[in-house]
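Chemist: If you read the sequence shown in our numbering, its first letter stands for residue 1, the second for the next number, and so on.
One should not assume that every hint holds.
Said to hold, decoys possible - Calculated pairs, DSS-like style, for lysine-lysine (alpha carbon to alpha carbon, straight line, at most 30 angstroms):
{"id": "1", "residue 1": "188", "residue 2": "244"}
{"id": "2", "residue 1": "83", "residue 2": "188"}
{"id": "3", "residue 1": "83", "residue 2": "244"}
To be verified - Computed Cβ-Cβ distance ranges for the label pairs, DEER-style:
{"id": "4", "residue 1": "73", "residue 2": "101", "range": "12 to 20 angstroms"}
{"id": "5", "residue 1": "216", "residue 2": "119", "range": "17 to 25 angstroms"}
{"id": "6", "residue 1": "97", "residue 2": "142", "range": "39 to 47 angstroms"}
{"id": "7", "residue 1": "153", "residue 2": "127", "range": "13 to 21 angstroms"}
Since the hints were made in silico from the structure, they are not lab data.
Since this is a predicted model, take the numbers as computed values, not measurements.
A virtual CB, placed ideally from N, CA and C, is assigned to each residue, including glycine.
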Amino acid sequence: MATEVLSTPADAVRGVTDGATLAVGGFGLCGIPDALIDALAATDVTDLEVFSNNCGVDDHGLGILLAAHRIRRVTASYVGENKEFARQYLSGELEVELTPQGTLAERLRAGGAGIPAFFTPAGVGSPIADGGLPWRYATDGSVSLASPPKETRVFGDKRYVLEEGIRADFALVHAHVGDTDGNLVFDKAAMNFNPLAAMAGRITVAQVEHLVQPGEIDPAHVHLPGVFVQRIVETGPQTPRIEKRTTRPAGDAR
Numbered sequence: 001m002a003t004e005v006l007s008t009p010a011d012a013v014r015g016v017t018d019g020a021t022l023a024v025g026g027f028g029l030c031g032i033p034d035a036l037i038d039a040l041a042a043t044d045v046t047d048l049e050v051f052s053n054n055c056g057v058d059d060h061g062l063g064i065l066l067a068a069h070r071i072r073r074v075t076a077s078y079v080g081e082n083k084e085f086a087r088q089y090l091s092g093e094l095e096v097e098l099t100p101q102g103t104l105a106e107r108l109r110a111g112g113a114g115i116p117a118f119f120t121p122a123g124v125g126s127p128i129a130d131g132g133l134p135w136r137y138a139t140d141g142s143v144s145l146a147s148p149p150k151e152t153r154v155f156g157d158k159r160y161v162l163e164e165g166i167r168a169d170f171a172l173v174h175a176h177v178g179d180t181d182g183n184l185v186f187d188k189a190a191m192n193f194n195p196l197a198a199m200a201g202r203i204t205v206a207q208v209e210h211l212v213q214p215g216e217i218d219p220a221h222v223h224l225p226g227v228f229v230q231r232i233v234e235t236g237p238q239t240p241r242i243e244k245r246t247t248r249p250a251g252d253a254r
């Protein structure tokens with residue numbers, strides 16, 4: 001299926017419905033598909049389930065959807081700097097599956113590669129494998145839903161836990177350059193989870209800073225082939241934003 005070139009982010013996220021699952025690229029605020037998230041926030045879509053390394057900050061990225069109570073469940077590696085994320089989780093408003101970062105990355109890659117599950121040593125001997133992690137709290141602070149135990153097996157002399165691959169209805173990603181065939185090039189650390197999220201989406205939507213014609217990207221420089229991208233939209237250069245700024249007085253050498 002040819003990649004569809006859209007003129008606006010709003011056009012690019014059409015068809016995302018209530019209850020949809022989303023794989024979203026980015027790490028902190030680096031390489032997040034902010035224009036696509038803003039376009040979703042401008043709709044009334046709700047009850048979303050998100051797979052992402054984290055959930056933005058309170059007023060940017062996925063934090064916008066979270067603050068509007070559009071997200072029902074998050075599978076992520078850490079809460080990060082989002083206080084509303086922590087508040088909703090601890091108050092029982094949000095279901096959260098915390099997972100090791102490498103495991104999350106491989107679950108996305110596996111889903112995109114057609115691998116339903118895999119064994120990993122990460123989490124063996126902990127609640128990740130044994131179960132009991134609080135997925136949802138009750139309003140009184142008790143655990144209303146806990147993670148179930150997972151299958152483990154011994155290979156050689158080491159125990160491994162079974163983790164399932166992730167497939168999402170939609171994937172939202174950000175790239176530095178893309179062509180109209182959907183081939184993407186990411187900018188340094190902004191690559192992070194973007195190609196993995198893109199692979200996991202049944203419909204993958206890419207916002208790109210620069211859209212070029214086929215042949216303008218050296219094939220050797222393509223990070224993600226267009227076979228994984230169904231929709232693409234040019235959004236222009238992304239304004240960098242620092243997730244957490246730490247400063248010290250001028251002249252303080254400590």
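Chemist: Taking the hints in turn, state whether each one holds.
Modeler: Comparing the hints with the structure gives:
1. 188 to 244: Roughly 20 angstroms between the alpha carbons, so the hint for residue 188 and residue 244 holds.
2. 83 to 188: holds (28 angstroms)
3. 83 to 244: Roughly 13 angstroms between the alpha carbons, so the hint for residue 83 and residue 244 holds.
4. 73 to 101: 12 to 20 angstroms: For residue 73 and residue 101 the Cβ distance comes to about 18 angstroms; the hint holds.
5. 216 to 119: 17 to 25 angstroms: violated (42 angstroms)
6. 97 to 142: 39 to 47 angstroms: The hinted range 39 to 47 angstroms is violated for residue 97 and residue 142, with Cβ atoms some 18 angstroms apart.
7. 153 to 127: 13 to 21 angstroms: Because 18 angstroms falls inside the window, the suggested range holds.
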